[in-house]
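Chain order of the listed sequences is Y and X. For the first sequence, the residue numbers in this note's numbering are 1 to 114. For the second sequence, the residue numbers in this note's numbering are 1001 to 1113.
Calculated from the structure, these hints are not laboratory results. There could be a bad hint or two in this list.
Computed cross-link-like contacts, EDC-like style, restricted to lysine to aspartate or glutamate with a CA-CA straight-line distance of at most 20 Å [said to hold, decoys possible]:
1) Lys57/Y <-> Glu1093/X
2) Lys1067/X <-> Asp1007/X
3) Lys1100/X <-> Glu52/Y
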Amino acid sequence: KAGVTQTPRYLIKTRGQQVTLSCSPISGHRSVSWYQQTPGQGLQFLFEYFSETQRNKGNFPGRFSGRQFSNSRSEMNVSTLELGDSALYLCASSLAPSGRSEQYFGPGTRLTVT
Amino acid sequence: QKEVEQDPGPLSVPEGAIVSLNCTYSNSAFQYFMWYRQYSRKGPELLMYTYSSGNKEDGRFTAQVDKSSKYISLFIRDSQPSDSATYLCAMSERRSSGDKLTFGTGTRLAVRP
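The following block holds chain Y by itself, in its conformation from the complex (with noise of 0.2 Å):
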């Protein structure tokens, strides 16, 4: 069975740009949740999706935003971008919504922001 797949691997924006990241979760997988990882602050809980609901949300500004397909494809917008949004950018996929069941996550996207 195939992993969970991020797209672009690898990004460079400017600031004030806007930039959009795929996910795609296991097949089967209903709830996909993104994080934000830097070293300072680990792993930061953007938001979590499941049938296309957003369940939760983490304590990041509007700028980011995301949604969910019928097809359990996930994208994660951030708008007018900041130096600080340089990250990686991970999602993660579960059966049942995060942390009732198993959580697998993709390889993520490097975001730089210069």
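Go by the hints and put chain X onto chain Y.
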């Protein structure tokens, strides 16, 4: 104070040693406990997933949960250089408004050949 505390290390051990990795937490509502391994430039890989207090063993790995002390551990027996990675603990709280999953900051482990 963070809800989940984890010593960042680095922890350096010789090959074959028993490694003990630990996390403490303050939220008594956490019910599920996980350990992830993350190699450099890779996504975290789920190692162990436990629900109740007690021990769970999988090969060279043993996860231990002590809810009364709010303390979880991961033991690695016969450590190998390939175990060199960052180990993240994670815990979840079931809520009607959406389950909350909280990660520790990770412990870097280096196993010397």
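Hints, one by one, checked against the model:
1. Lys57/Y <-> Glu1093/X: holds, 14 Å
2. Lys1067/X <-> Asp1007/X: Holds, at about 19 Å.
3. Lys1100/X <-> Glu52/Y: At roughly 18 Å apart (the allowed maximum being 20 Å), Glu52/Y and Lys1100/X satisfy the hint.
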